[in-house]
Every structure is written in C-alpha cells, then in structure tokens.
Amino acid sequence: MTRKTLLWLTALPALLLALSVQAHEPSEPMEGDEKPNCSKMKDMDHSEMDMDDPVMQAMMEKCKHHMDENDDGSKEPQHKHSESEGDAKRKSTHDH
Amino acid sequence: MVSPRLMSCIKCLIAALVIAIAAGVAFIYSGLYPVGADDRHTPLTYWALETLRERSVDRASDGIEVPADLDTSERLLAGGADYNDMCAGCHLKPGKAESDFTLGLNPAPPNLTKQHQSEDDLESQSRHRFWVIKHGIKASGMPAWGAHHDDERIWDMVAFLRRLPELSPEQYQILTARGDDDANHH
Numbered sequence: 001m002t003r004k005t006l007l008w009l010t011a012l013p014a015l016l017l018a019l020s021v022q023a024h025e026p027s028e029p030m031e032g033d034e035k036p037n038c039s040k041m042k043d044m045d046h047s048e049m050d051m052d053d054p055v056m057q058a059m060m061e062k063c064k065h066h067m068d069e070n071d072d073g074s075k076e077p078q079h080k081h082s083e084s085e086g087d088a089k090r091k092s093t094h095d096h
Numbered sequence: 001m002v003s004p005r006l007m008s009c010i011k012c013l014i015a016a017l018v019i020a021i022a023a024g025v026a027f028i029y030s031g032l033y034p035v036g037a038d039d040r041h042t043p044l045t046y047w048a049l050e051t052l053r054e055r056s057v058d059r060a061s062d063g064i065e066v067p068a069d070l071d072t073s074e075r076l077l078a079g080g081a082d083y084n085d086m087c088a089g090c091h092l093k094p095g096k097a098e099s100d101f102t103l104g105l106n107p108a109p110p111n112l113t114k115q116h117q118s119e120d121d122l123e124s125q126s127r128h129r130f131w132v133i134k135h136g137i138k139a140s141g142m143p144a145w146g147a148h149h150d151d152e153r154i155w156d157m158v159a160f161l162r163r164l165p166e167l168s169p170e171q172y173q174i175l176t177a178r179g180d181d182d183a184n185h186h
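Protein sequences appear in the order of chains A and L. Quick note: the first sequence uses this note's numbering, first residue 1, plus one each step. Quick note: the second sequence uses this note's numbering, first residue 1, plus one each step.
Just so you know, these hints were derived from the structure itself, not from any lab. None of these values were measured; they are calculated from a predicted model. Watch out, some of these pointers could steer you wrong.
[To be verified] Cβ-Cβ distance ranges computed for the label pairs, FRET-style: (1) N37/A / L32/L: 29 to 39 Å; (2) D53/A / E98/L: 47 to 57 Å; (3) L44/L / E61/A: 30 to 40 Å; (4) S99/L / M44/A: 20 to 30 Å; (5) D50/A / W47/L: 36 to 46 Å; (6) M56/A / T42/L: 27 to 37 Å; (7) S99/L / N37/A: 35 to 45 Å; (8) H46/A / A108/L: 33 to 43 Å; (9) E34/A / G63/L: 20 to 30 Å; (10) K64/A / A68/L: 34 to 44 Å.
We treat Cβ as the ideally placed atom computed from N, Cα and C, and that holds for glycine.
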C-alpha cells in the first residue's frame, strides 16, 4: 500500500468526522430551510388585520419578498433571479 | 453559666442532627429513590421544586433591564425562527398539544403557547424568561442558551414569547420559517 493511499484512508474518515461534528454545532440549531407559507395570508380576513400590529408587520415583511418574487415571476420571469429587492426599490424610485 | 439541663438538650439536638444526616446519606447510597422520569413526583416534591425554582429565578433576575423595543417586527422575526428551532419541541407551537418531550420529561416543560393566568406582570415575566433562556435550569432539561447566544438574540426570543399565545398556526408558520432568504440569519 502506497503512502498516498494511506494518507487518503486516514484523511477521509477524519474529514467526515469533522463535518458530522459541525452539523451538530449547538450554536447553529437550524432545522432546515422551510419556506413561509405566504399563500395563507390571502385567505386571512383582511378587514380584521391591524397594520400597526408588529405581528402583522412581521408577516408582511416576511412575505413581501416571496410575493415580489411571485409578481416578478408572472410579469418578468427573466429578471426573477437577477435583481435583488434593494435594486428593485432603487429602480422604482428612479422611475419617478 | 450554662445549666447541665441545657447542655444535655444541646447534646441531644446535635446527636439528632448527626443521625438525620447519616440517614440521608444512607438513603442516597441505598439506591432506593426512583429516578425514572416516568415515575411521577409526589405533590410535596413538586411544590418544593417549583417553589425553589420560582424563588431562585425571581431573585436572580431582579435588576435585569428589559429593552423598550421588544414589541417590534424585527425582533419577532428573529426570535420566532430561533424559537421554532430551539424551543418548540418541548414548549410546543400553536395547533400542537403535546410532543415526545412534553410526555417524557418530568416535570413536563411549560406549554408556552398558553397564556398562564398566574404569571406576574409583563416586565417581570420578561425578566424571568430572559434569565431562564440564558442560564437554563439544573436537572430539568432546560439548557443554558447563553453559552452560544448573545443577550440581544435571547431578548428576540423573549419578544416572540410575548406574542406566541395569540398566534394562529398559520401566523406561526410564516413568522418562524427561515426560508432561503433567512439562511444567513446567524
């Protein structure tokens, strides 16, 4: 067995072990990338929504990006991934 | 000058104390106490543990300054995602009445989706919650999150807990989902 093969045999398990430790790092207890179900907002009673309520503001903020994405997707699919939210805001300001 | 009768009484008390300590140590070493989580505590033990916990947290959290900006959308979003990742398994979420942890832990972790009537005023409750999240509680399953989370991040969770009992399952899902755009939250 060559020295290079031995090196691989020791380095690969060490790398896998290091990655598994990183996956359980307590400072990053993330469960995954579940997306907000913003379509549920459309079913809510809008007359009872208080726009000054921080809960409502947080939901709007969370879903704004996703709704913008959907709108862009239906109107200008070619710009969907090429334009950030900040760029879009700047563009709309410049348009006026 | 101490009378012989008083001296005799003191000796008796000391002897009783030594015997009580020896009996306590013998009981600990005997292995007779059931430590299984599925063996419920007696009401007296529950009372002693809860009183000890409440008094200790009350004293330790006294003097903690609650930030004035807890009721903001930014804090709700930041705290909600962390709550879902770190706390919901034990302390539940809207639409969920029990989990393996609530059934298996003893004492059972409090259901934070319910508004507890006996809780103190909002400021005091926030101080308690901040302290408990940061320092944890010994032998209860509640970890000390302060080791890897700074104070602001813990206050975000406290802010979310204030509004949690009012949230519907749909609102909870939207507020707590990290999604792709939250991947750089940390």
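Here is how each hint holds up against the structure:
no. : hint                       : verdict
1   : N37/A / L32/L: 29 to 39 Å  : violated (52 Å)
2   : D53/A / E98/L: 47 to 57 Å  : violated (29 Å)
3   : L44/L / E61/A: 30 to 40 Å  : violated (49 Å)
4   : S99/L / M44/A: 20 to 30 Å  : holds (27 Å)
5   : D50/A / W47/L: 36 to 46 Å  : holds (42 Å)
6   : M56/A / T42/L: 27 to 37 Å  : violated (47 Å)
7   : S99/L / N37/A: 35 to 45 Å  : violated (21 Å)
8   : H46/A / A108/L: 33 to 43 Å : holds (38 Å)
9   : E34/A / G63/L: 20 to 30 Å  : violated (38 Å)
10  : K64/A / A68/L: 34 to 44 Å  : violated (26 Å)
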